[in-house]
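The chain contents come next:
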Amino acid sequence: MKLSIRLYRYFTVFVSLWCIGILAAPLLKHAGWTQIADMLYSFFSRVCHQDDARSFHVEGEKIGVCIRCSAIYFGFFLGLITLPLSRALKRKNVPAIGFFLFAVLPMVVDVVLNAAGIQASTTMTRVITGALFGISMPWFIVPIFIEACLQLNSRNKNHSPDAGVIRYARKTQ
Amino acid sequence: MHEKPSKLRAALIGGIICGIITGLPVISILNKCCCCGGVMLCGLTSLYLYKKEFNDEMPPLESSDALVLGIIAGLAGALIGTVIEILSNFILGPIDKQIVIKLLSWVESRGTLPPDTLNKVDEMIEVLQKSVEQGIKLKEIFSDLLFSLILYPIFSMLGGLIGYGIFGKKKPTVPPMPPMQQ
Numbered sequence: 001m002k003l004s005i006r007l008y009r010y011f012t013v014f015v016s017l018w019c020i021g022i023l024a025a026p027l028l029k030h031a032g033w034t035q036i037a038d039m040l041y042s043f044f045s046r047v048c049h050q051d052d053a054r055s056f057h058v059e060g061e062k063i064g065v066c067i068r069c070s071a072i073y074f075g076f077f078l079g080l081i082t083l084p085l086s087r088a089l090k091r092k093n094v095p096a097i098g099f100f101l102f103a104v105l106p107m108v109v110d111v112v113l114n115a116a117g118i119q120a121s122t123t124m125t126r127v128i129t130g131a132l133f134g135i136s137m138p139w140f141i142v143p144i145f146i147e148a149c150l151q152l153n154s155r156n157k158n159h160s161p162d163a164g165v166i167r168y169a170r171k172t173q
Numbered sequence: 174m175h176e177k178p179s180k181l182r183a184a185l186i187g188g189i190i191c192g193i194i195t196g197l198p199v200i201s202i203l204n205k206c207c208c209c210g211g212v213m214l215c216g217l218t219s220l221y222l223y224k225k226e227f228n229d230e231m232p233p234l235e236s237s238d239a240l241v242l243g244i245i246a247g248l249a250g251a252l253i254g255t256v257i258e259i260l261s262n263f264i265l266g267p268i269d270k271q272i273v274i275k276l277l278s279w280v281e282s283r284g285t286l287p288p289d290t291l292n293k294v295d296e297m298i299e300v301l302q303k304s305v306e307q308g309i310k311l312k313e314i315f316s317d318l319l320f321s322l323i324l325y326p327i328f329s330m331l332g333g334l335i336g337y338g339i340f341g342k343k344k345p346t347v348p349p350m351p352p353m354q355q
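Chains as they are written, first to last, in the working numbering: chain A, 1 to 173; chain B, 174 to 355.
Extracted from the complex, chain A is given alone in its bound form (with noise of 0.2 Å):
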């Protein structure tokens, strides 16, 4: 398989863990697993303020993150299963840099308006434009991402001991 596929692959599992840890605290709490579930709560503490009042509710106990945060997540995930039926994996080119802020600028307008008291923000505004950032950004990333990757292996090939004596080996066979 090529290492550009097995990347993205890695890549997807590993959002998808993030995906399911969000869900996992309050499903955990709830079976009484609490020990665990707060364990993932503190976890995405760290990222997340984790208001009660912002955040999706599931079986009564509120989610890893907040709204906001969760439509990111969750868009990014979707934008990343749907990358490769839009894109190529191998093509290294990014969108330009009007598609970030086509991305970004909704979710920015939103968080300012909202602390600056003029317009409040509800809770589609911030699944919109949370899930607006969310999908947009694999396409802007995954590709960055694959191509450090590949990058780095590339080096670390030509760097190790080892890699010179095998192309000389193979030359000698």
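Check before you lean on any hint, since a few could be wrong.
Stated by the list, open to error - Here chain A is said to cover these stretches of chain B; the calculated rule only asks that three of the stretch's residues, wherever they fall, bring their Cβ under 8 Å from a Cβ of chain A:
id, stretch
1, 256-270
2, 330-341
As the list claims (entries may be wrong) - With a straight-line cut-off of 30 Å between C-alpha atoms, the simulated DSBU-like cross-links for lysine-lysine are:
id, chain 1, residue 1, chain 2, residue 2
3, B, Lys-180, A, Lys-157
4, B, Lys-303, A, Lys-157
5, A, Lys-90, B, Lys-224
6, B, Lys-224, A, Lys-92
7, B, Lys-177, A, Lys-90
8, B, Lys-303, A, Lys-90
9, B, Lys-275, B, Lys-303
10, A, Lys-157, B, Lys-275
Claimed, not checked - The following residues of chain A were derived to be distant from chain B, with all beta-carbon distances above 10 Å:
id, residue
11, Ala-31
12, Ala-37
13, Leu-85
14, Ile-118
15, Lys-157
Calculated directly from the structure, the hints in this document are not laboratory data.
From a predicted model like this one, the values you see are computed outputs, not experimental measurements.
For glycine and all other residues, C-beta sits at the position ideal for the given N, C-alpha and C.
Following the hints, position chain B against chain A.
The following block gives chain B in isolation, referenced to the frame of chain A:
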């Protein structure tokens, strides 16, 4: 051709910014409200600083540099942030928790919350007050450090990769046209 500049300086500056953003009481809440955007910004900043160290004689900035730089900045940020968090806890006490308690009490006193939410707010205040009374525990410090060491390099790396997408790629230079022969 010269070698690429060292990543250490840019990564350390990114790490210090990350540490301040995640370690100081009130600012760390803002970082969490922005879904860890502050940590991503550190990866992006360190890449920007690193790119500024390049000159024309050096090989171009590569995406692998952005990835490695983001991870190093995140690791440094996790360590520095934990140190700042411990120091601020010793000097200021659990000021962030006290702010949250005050905010929740204020929301509660407005009397606009439905009974269900009111109960939850009460529970939250109770939990926070207990943790304020208990003070900071060694176990908490270690778990926070462990989680930070896992999470911040990931987010900082993503910031570095986004940064590379924004200003990392160098436009190919067009060689000068040969003079026309008449």
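Do the hints match the structure? See the list:
As drawn, the stretch 256-270 of chain B meets chain A at 0 residues by the rule of a beta-carbon pair under 8 Å; below three, the given contact is violated. Figure legend: the stretch 330-341 of chain B, annotated as covered by chain A; annotation consistent (6 residues with Cβ-Cβ distances under 8 Å, at least 3 required). Between Lys-180/B and Lys-157/A, the direct Cα distance comes to roughly 21 Å. Compliance with the 30 Å bound is thereby established for this hinted pair. With a CA separation close to 54 Å, the supplied pair Lys-303/B and Lys-157/A exceeds the 30 Å bound.
Our distance criterion of 30 Å between C-alpha atoms is met by Lys-90/A and Lys-224/B, whose separation comes to about 25 Å. With a CA separation close to 20 Å, the supplied pair Lys-224/B and Lys-92/A stays within the 30 Å bound. The hinted pair formed by Lys-177/B and Lys-90/A meets the criterion: a straight-line CA distance of about 26 Å does not exceed 30 Å. Distance check on the hinted pair: Lys-303/B and Lys-90/A sit about 53 Å apart at the alpha-carbon level, beyond 30 Å; violated.
For the suggested pair Lys-275/B and Lys-303/B, the alpha carbons sit about 14 Å apart, so the restraint of at most 30 Å is met. About 57 Å separates the Cα atoms of Lys-157/A and Lys-275/B, which puts this hinted pair outside 30 Å; it is violated. The non-interface label for Ala-31/A is consistent with chain B: the shortest C-beta to C-beta separation is roughly 19 Å, beyond 10 Å. Once the 10 Å rule is applied to beta carbons, Ala-37/A is consistent with being away from chain B; the minimum gap is 14 Å.
Every beta carbon of chain B lies more than 10 Å from that of Leu-85/A, the smallest distance being close to 21 Å; the non-interface claim holds. Consistency note on Ile-118/A: stated as away from chain B, and its beta-carbon is indeed over 10 Å from all of that chain's, at 17 Å minimum. At roughly 13 Å, the least C-beta separation between Lys-157/A and chain B is larger than 10 Å, which holds for a residue marked as non-interface.
Taken one by one, the earlier hints fail for this structure at numbers 1, 4, 8, 10, listed in ascending order.
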